[in-house]
Structures are given as structure tokens and as C-alpha cells.
Amino acid sequence: MKGIVFTEFLEMVEASFGLETTDNMIVNSNVPSEGIYTSVGTYDFNEMVSLITCLSEEVKIPANDLIYTFGLYLFGSLGKAHPEVIQSYNSPLALLYSIEDHIHVHVQKLYPEAELPTFKILEKTDTSISMVYSSSRGLYRLAHGLIEKCFEHFNGSATIAYELLKEDGTEVKFDVTQNG
Amino acid sequence: MLPKMDSGKEVLLLKKALDRQKKARAQAEKILEEKAKELYDVTHHLKESNARLEALLSEKTSELDGVFVNIVDPYVVMDLKFNIIKMNASAKEFLGYDSEKEAINLSTIVHPEYMEYTAESIQSLMEVGVLKNYQAKIIIKDKTEKYIQINSSLIYDKNRKPIAAQGIIRDITQETEIKHLLAEQKKELDIIVENSPLGIVLTVNNKIVKSNRTFKTLIGYSDFELKKLKLDDISSPEDIEKSKELINQMNTGELDQFSIIKKYTRKDNGILWAKTSVNAFKNSKGKVEYKVVMIEDITKELEAEEQLKESENRLATLISNLQTGVLLEDENRKISLTNKRFCSMFNISASPQQLNGVDCSDAAEQNKIFFKNPEAFVTRIGEILKERKLVSSDELEMIDGRILERDYIPIFNNKIYKGHLWTYQDITVRKNFRKNLFAEKEKYSSIIANMNLGLLEVDTNDTIQMANQSFCKMSGFSQDELLGTKAREILRVRELDLIEKQDRIRSKGDSDSYEVKVLNKSGEKKHWLISGAPRYDEGGILIGSIGIHLDITTQKKLEVQKGLLLKELENSNKGLQEYAHIVSHDLKSPLRSISALATWLYEDYKDVLDENGVTQLGLMQEKVEAMDNLIVGILNYSTVSSDTIQNTKVDVNMVIKEITDIIFIPDHVEVKIVKKLPTIFADKIKVHQVFQNFMSNAVVHIENEIGLVNIDYIETKTHWQFSIEDNGVGIPKEYHEKIFKIFQSVGNKERSTGIGLSIVKKIIDLYEGEVWLESTPGEGTTFYFTIKK
Numbered sequence: 001m002k003g004i005v006f007t008e009f010l011e012m013v014e015a016s017f018g019l020e021t022t023d024n025m026i027v028n029s030n031v032p033s034e035g036i037y038t039s040v041g042t043y044d045f046n047e048m049v050s051l052i053t054c055l056s057e058e059v060k061i062p063a064n065d066l067i068y069t070f071g072l073y074l075f076g077s078l079g080k081a082h083p084e085v086i087q088s089y090n091s092p093l094a095l096l097y098s099i100e101d102h103i104h105v106h107v108q109k110l111y112p113e114a115e116l117p118t119f120k121i122l123e124k125t126d127t128s129i130s131m132v133y134s135s136s137r138g139l140y141r142l143a144h145g146l147i148e149k150c151f152e153h154f155n156g157s158a159t160i161a162y163e164l165l166k167e168d169g170t171e172v173k174f175d176v177t178q179n180g
Numbered sequence: 001m002l003p004k005m006d007s008g009k010e011v012l013l014l015k016k017a018l019d020r021q022k023k024a025r026a027q028a029e030k031i032l033e034e035k036a037k038e039l040y041d042v043t044h045h046l047k048e049s050n051a052r053l054e055a056l057l058s059e060k061t062s063e064l065d066g067v068f069v070n071i072v073d074p075y076v077v078m079d080l081k082f083n084i085i086k087m088n089a090s091a092k093e094f095l096g097y098d099s100e101k102e103a104i105n106l107s108t109i110v111h112p113e114y115m116e117y118t119a120e121s122i123q124s125l126m127e128v129g130v131l132k133n134y135q136a137k138i139i140i141k142d143k144t145e146k147y148i149q150i151n152s153s154l155i156y157d158k159n160r161k162p163i164a165a166q167g168i169i170r171d172i173t174q175e176t177e178i179k180h181l182l183a184e185q186k187k188e189l190d191i192i193v194e195n196s197p198l199g200i201v202l203t204v205n206n207k208i209v210k211s212n213r214t215f216k217t218l219i220g221y222s223d224f225e226l227k228k229l230k231l232d233d234i235s236s237p238e239d240i241e242k243s244k245e246l247i248n249q250m251n252t253g254e255l256d257q258f259s260i261i262k263k264y265t266r267k268d269n270g271i272l273w274a275k276t277s278v279n280a281f282k283n284s285k286g287k288v289e290y291k292v293v294m295i296e297d298i299t300k301e302l303e304a305e306e307q308l309k310e311s312e313n314r315l316a317t318l319i320s321n322l323q324t325g326v327l328l329e330d331e332n333r334k335i336s337l338t339n340k341r342f343c344s345m346f347n348i349s350a351s352p353q354q355l356n357g358v359d360c361s362d363a364a365e366q367n368k369i370f371f372k373n374p375e376a377f378v379t380r381i382g383e384i385l386k387e388r389k390l391v392s393s394d395e396l397e398m399i400d401g402r403i404l405e406r407d408y409i410p411i412f413n414n415k416i417y418k419g420h421l422w423t424y425q426d427i428t429v430r431k432n433f434r435k436n437l438f439a440e441k442e443k444y445s446s447i448i449a450n451m452n453l454g455l456l457e458v459d460t461n462d463t464i465q466m467a468n469q470s471f472c473k474m475s476g477f478s479q480d481e482l483l484g485t486k487a488r489e490i491l492r493v494r495e496l497d498l499i500e501k502q503d504r505i506r507s508k509g510d511s512d513s514y515e516v517k518v519l520n521k522s523g524e525k526k527h528w529l530i531s532g533a534p535r536y537d538e539g540g541i542l543i544g545s546i547g548i549h550l551d552i553t554t555q556k557k558l559e560v561q562k563g564l565l566l567k568e569l570e571n572s573n574k575g576l577q578e579y580a581h582i583v584s585h586d587l588k589s590p591l592r593s594i595s596a597l598a599t600w601l602y603e604d605y606k607d608v609l610d611e612n613g614v615t616q617l618g619l620m621q622e623k624v625e626a627m628d629n630l631i632v633g634i635l636n637y638s639t640v641s642s643d644t645i646q647n648t649k650v651d652v653n654m655v656i657k658e659i660t661d662i663i664f665i666p667d668h669v670e671v672k673i674v675k676k677l678p679t680i681f682a683d684k685i686k687v688h689q690v691f692q693n694f695m696s697n698a699v700v701h702i703e704n705e706i707g708l709v710n711i712d713y714i715e716t717k718t719h720w721q722f723s724i725e726d727n728g729v730g731i732p733k734e735y736h737e738k739i740f741k742i743f744q745s746v747g748n749k750e751r752s753t754g755i756g757l758s759i760v761k762k763i764i765d766l767y768e769g770e771v772w773l774e775s776t777p778g779e780g781t782t783f784y785f786t787i788k789k
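These protein sequences, in sequence, are chains B and F.
Using this note's numbering, you'd call the opening residue of the first sequence number 1 and step up by one each time.
Using this note's numbering, you'd call the opening residue of the second sequence number 1 and step up by one each time.
Derived by calculation from the structure, the hints in this document are not laboratory data.
Honestly, I wouldn't trust all of these hints.
Unchecked claim - The calculated lysine to aspartate or glutamate pairs, modelled on EDC-like cross-linking and capped at a C-alpha distance of 16 Å, are:
#1 F:K16 <-> B:D44
#2 F:K15 <-> B:E152
#3 F:K23 <-> B:E34
#4 F:K262 <-> F:E301
#5 F:K789 <-> F:D667
#6 F:K16 <-> B:E34
#7 F:K275 <-> F:D239
Unchecked claim - Label pairs and their calculated CB-CB ranges:
#8 B:N30 <-> F:L32: 26 to 34 Å
#9 B:A15 <-> F:K15: 17 to 25 Å
#10 F:K15 <-> B:N30: 13 to 21 Å
#11 F:S49 <-> B:I160: 28 to 36 Å
#12 B:A15 <-> F:L32: 24 to 32 Å
#13 F:K15 <-> B:A63: 24 to 32 Å
#14 B:S130 <-> F:L32: 37 to 45 Å
#15 B:T127 <-> F:S7: 23 to 31 Å
#16 B:A81 <-> F:S49: 30 to 38 Å
Claimed, not checked - Derived, one-sided and incomplete: chain B residues facing chain F with beta-carbon distance under 8 Å:
#17 L19
#18 Y37
#19 V40
#20 E47
We treat Cβ as the ideally placed atom computed from N, Cα and C, and that holds for glycine.
Take these sequences, add in the hints, and give me the full structure.
Here you go:
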């Protein structure tokens, strides 16, 4: 998993729960990297799983909700890191529609070893999009948060419904309908 | 909210976090260092590869150089100013130049005729980079001219800038010469084809690919039109099936060539009869690739043939219907031709066609029984056949009475005997005709001799040639006295002028009749009626005239007597008329005296006379008046005659108007003209008389309360028919004829003299008309009369 995800996760935990919780999470998770991450590096996904599990126990918040909150946070971080990507779209639906064909293609250029989820578009209208998230990571809630924040970024909102096509969350169908 | 921490712990935590950040930086730097090393390695590897590739390239280039040097065809590299940089051995040999020994500029060896084309080609080479199939004539070192073909391409430096051009030269001199030769031959062939009197067409799958001028002229289509046509399109439909069959045989390889006679439809819809020969040309696989069709216009030949056939047919028909029996035998005495007439002459039941080929050697022997003199017949035929000389008009008498005339015509072709022709003609009628003619003449001669009319033939000088018995009797002269004398002199004709005039008329070929007075032998005057006609000889030249004479002396005498009688009658008629006039006038004056005396008697003694006396005086007056009317009527009647008629145009409407003004019409009677009456051509007074008679009769005899008299007419082709209809008392049937006779009247009206209608009848008779009536007693009477137009 890309280092930026870990660095941003730690940033969010620090900002939300303070240094102590962050430190406890790192210590308790006993991850091989000892919580040392650089955005240009690449780390084992299991470290992320351990970190989130420990945080969930520490702060008594379900792990999925934490992942969702991280999604909301991550959109802003990514936007800051690569503003030109978001600027090239004029609507949240257009952006969502282009994840697979445009954004992920650029990501692959910078990080050829990146393991990216896929978004298969089932249906798209002017006001809605229906797609299937598919990744061995099962981080569909992260996607949920990112989608929601995307609408916020364009000063809009959306009703986002999801349905687990597989129980472990490795395949999830999203139905996104733009409000207003 | 974040939980509160003491500052000691916070510093500890911050230190830990800072430591993590430092380690992370070091980690990041390490990663970047690794990436830099990786990049260096890749670059180094690339350089190595590049060097290897360049070496490989130069090796290949020199290898290629070797190829070009050793290439069989001449190979030349030149700079962009046409100077040869490099050339292979083959090029040196071909051009005769060696670039290593002397500088050669290629532009100098191009033949002047090809300079412009060369310049254009170089231009194209510079633009496109390659030049294919440049063909030109060059002059090589030994001054001979060569045709070459060059395929060329540009050579570039590293910056893709063209620096030279390389090319492979092919010597195509021989090829070109062959091509020229071929073109020449093709041209010659084309001339032959174009000027061929045969139409020549090249077809592929029935489509016309090429055709020569003769064909176009024959068929009338242009090249352009023909391109769109199939041979079937211009073939007459009835021939297509047949040609298709032949074409199929050709396509399957059964036939290589065939020729048929077929019809083509010209562009102007005319018919072209043509002998068509088709030749198939096969490709190497034996499949028919194209066909050459040669078309010979035989329209004229066919027409001539048709005409020949027709004339043969006509001739055959002529012979078969000839009134002459024909028998043509060949040199072996076999029948070549006979006709119907021949068959019927000799009672042969077979048809002329069936007789063809029959041997005639025995014919004479077999047929001799038909002839009166059979042995002579056989002998004569033997003679003729032996002689083989023309024989004409042999007469043969047959046992059935017919007489045949036979001709024998031997036929020689280049002095070689080829047979002979017998012709037979039935001359029975011709023979008999003379006999008949003689009999006819006898018959007419006896009629002429015995008829009552005098017949006289004279020549153009009036000299008597012949006179029959009757003429001798009429004239009192004997035949001997008459013959040789001049007719008008011996008969002492008075009217010489008339005779001469008649002679002139007759000389023009006209027949005529006229009367003359002659004196017979004993000097008695006779009246003759002569009918004359000109006489001609066989050549149609006038040789005199023939006259038939009838003695009309008796009739003449009677005619004179009749004229006298008529004159007498006329005189006595006139006398009678004058008499009637005088008598009536003389009768009228005593009547007038009686009337005057009676009047006076009445006036002087009316006081002394009793009633009876007055009545008797009145009656006396009436009787006198009736007597007067009767006399006037007789006078009128006697004056009606054709002599006194003066015809003019008479408007009948006016006549009726005048009559209605004059006559007494009772108040209850109306006279009506049904439709406008015509204007006729007649004597007005007579017309007046007729209408007045009818009308006054009509108006007085009406006892009905309302009396009607209708006057009408109809027009027929020849007459005007008038009608006067009344609704009076009517006339009983028995009087219908009587009333038109003089002194007859119906009833006893004192005023009617019974003379009126007889005058009417007399007038109508004058106008060749008729008068009649239709009447029903008690209902009315209609009088009709007609007047000739």
C-alpha cells in the first residue's frame, strides 16, 4: 500500500485523537515499520489493517466507520497533493465516471507497482451513477467517504447507497444520486 | 476533544513522533538514492545497446554496398548535381564510363528529347523520395543510343537531409524496340482490320469489346453505343436460340469455329442479313477467352437470290399454266419438265411433278393409239429424234377430233446435245374457226340477198360495188346496170349538197340517216330513207360506204295528207270559236231586251198586276239571268285554249285576296289560307278562274252555322298540288265525275249553270294537271288539283 495513505492516516488520527492515541495505536499494533512512513515508499497493507484495528479498540469506534471518516479526510489530502487532477473536472459525476479510465491511469504512471481498486460503471445518467467497487482490500467504506467528499468539493451532495455483493466487502455496488 | 496530557508526556510523545519523521526522511532519501542508481544503470545499458546497434548498422551498410557493387544490373549513386559518386562494374560496362577514372555528369548523357521529362522526374524524386519506372533514351560513351529504365531513391544523411540518389538502370533498348515493332505491326493490323470489307467484332462473354469501322457502318451504331450492347441485342430474336446453341458448343470446346447466316437489326431498325463466322480464342487453360466475329453483309445477295427465286417461281407458274403443252426431255429421254396442259392434252392423270424422271423411250409407241394415223406418228417422231433439228408446226390429228400443232426444239449446250423440248398446241378451235367463219358469211349473205331493205356498197368515188336484190327491185335497175356506175348519177339524186355533207360525216367514221328524193328507172319520184356507215379494209383504211335503203314514198304521201287535214281542222276550229262568239253575242242582246221589257212591264203595271203576275214577272227575270250566265259560260269555255295562255309569275296568295274581294262570301263563312301559298308560273287570269270557281262553289254550299274554307298546297317533284276544303253539304259519290262535264250541276240552284267546273277541268288539262275530290255528304268536300311546274 502506498506510503501516502499511511502518512495521511497518521495525520488524520493525530488531528482527530491527539498524539497519545496515535502513539498508542502505533505501539499497540506492533507493526514492522514501527509507524515510520514516507509518502514515496510502499508498505504492507496488513500494517494498515493492524493500525485501524488498534485504533478502533482504543477509541471504541467501529473500524468501518473509521475507514469512512478516513475516506472523507483522504479526498482533501489527495486534492492538495494533485490539484490539477480535480480541476480537470467540472462535476463530481464526471470525476467518478473517469476514475478507472483517467485518474488510475495517471496513478499507474507514477507508481507502476500500485495495486488499485477497480470501478466498473454499470449505468450513468446526468444525475446519477451506478458502479461496482472491486478490490481484495475490501476498503469500500474508504471509497464511500471519498465519493461523498467529492460531491462536497463541487458544493453539492448526493445520496449514496451501497450493497455488498460479497460479504467480505471485496465487491460492492454503489448507487450514487446527485441531490438537487 | 483531545484528552489532556501533561507536558512531560507530550514532549516524550513529540520526541517519538519526531524520531519517526527523521527515520521516515532517511527512508525516503534511501529510496531516492536507489532510484537514482537505477536510472544510472538504465542509461548506461542504453548507451551500450546504442553502440552495439550502430556497429551492426555500419556492418550491414557495407554488406549492402557489396551487394550493390556485385549487382547484375548497372547501379549508380550520384550527388544531387547528377555527378556520379559510385557505380558498379555492370554500370561501367553498360555506360562505357568509369567514375573512378573520369568525372561523369549523368545529365550530359540523357538524350536531348528526354531532358524535359528528366527534369520533371528528378523533381518528383526530390519530393517523394523514390522514382519508379523512369524511362529515357541516353547516349552512352560509344555514341550509341540506349533505352533505359531507372528505379531510384534518395539517400539521406543523419538529419534526414537528402545528399545523393541511387538508382538501378535497366537496359530496355531491345524491349523498347520490340515494343515499337509490335506497335508498328499492330498499326498495320489495325489498318487491315479497319479497312476490311468484313465487319469484325471482338466479343468477350457476348459483349462487344472492339469492332471495326465496317461493322459500325453496317450496323449504324457508334463505338460508344456498341460498348453498352451485347451481340444478342442487335441480333434478330429468331436467330438468338440457334446462335446460343452454337456458342454453348463453343464454350464447352466442341466447336472452335462456326458460321451461320443470321439477321441483325440496324440502329435505324433496318435488317442486315449477314454471313457470320465466329472463331474462339482460348487461353492457356483451354477456356474460351474471346471470340472474333466476322460479319459479311449478304443483304444484297439474299435480295438477288430472293428475286431469282421469285422469277423462277413466276416462270414455273407460267409454264405450269401455259396453254401450250410442254415436255422437256433430257439427253437420256427422261422427263425434266412438263406442265398441266400437257397432262390434260394426253389425258395423263398424274401431276406434272410426278412425271419428272419418267423414261419417254416408249412414249410414242404407247400413245400412238390417240392419233388418227398412229404409224405415221411413230415414224415421224423417230425421224425428228434422229435429225435433232428444229421442227415447227407439225399438225397431228387425233382420233377424238382434236388437232394439235407440235414443235420440236433440240437443246444444245456448248454444242453438246442436252435434250429437247416438245411443245403441243391445241389448234382445233383455230382450225374450226375458218370453217365457221365461212358458214357465217354464207348465212349473212343470204339474209342480205333476201331482206326487204335495199343494200348498196360504194367505194370512195361513189361507184357501186354491190347491190342486193331488194335494191334492184326498189330502183328498177338490174344488178348489171348498177355495178360500176356512180350511184347518185344513175339514181338522179336531187339533194347533191346533202349527199356530199353526209359523205364528209361518214368519212370521219360516223354512221347517219337521211332522206333523199330519187327517180327510179321508170322516172317515178321516190322518197328513200338511207342509213349509211363507212367501210374499212383490214388495215383500217376507209374504202367507201355501205348504205341501207328504205322506200318511204307511201309514208311521205300520208304525211302530206295529214298536214292538210290539220290545217283544215284549225280553220274550222277558228270558225267555230268565232261562231260561238257571235252566237252568244247575238243571243245576249234579245235577252237584254226581254229583261228590260219585263222590268218596264213590272214598273208600269205593278199596281194592276195581282200577286201571281208579279211572281211570274220575277221568275221571268231570273230565267233571263240564268240564260245570260249560260251564254257567258259557253263563251268562256270556248275561249280556253293553249293559244290564249300568257304565262307569268303569279303569286297565288294575291289571287286568293282578289277573289275574296270580288265574290260574295256569306257572313258565317271564313276563308283561310293554311300556309303561305307559292308563286307559280302560269296565266294569272286562268289561275284566277280556277280558284274563283272552287271558292265560290265552296262558300255557297255551306249550311253549317260556322262555315270554313281552307286553302292549302303541297309541292311534288313535278307539280303544285292545291286543295280547297269546305265543311259544306258535300257531294254524293255518283256526281264526282259528272260535275266536271259541261252543263252538269248538283242540285237545282238557279245560279249554277253547270259549266264552271268544266272550264276548270279544261284549264287544268292545259297545265297537264289533274283534278279530283273527296267528299262526305253532310260533312264537307275537298277539291284537289295539280298544276305542272
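*Which hints, by number, does the structure contradict?*
As far as the earlier hints go, 1, 2, 5, 11, 15 and 20 are violated by this structure, in ascending order.
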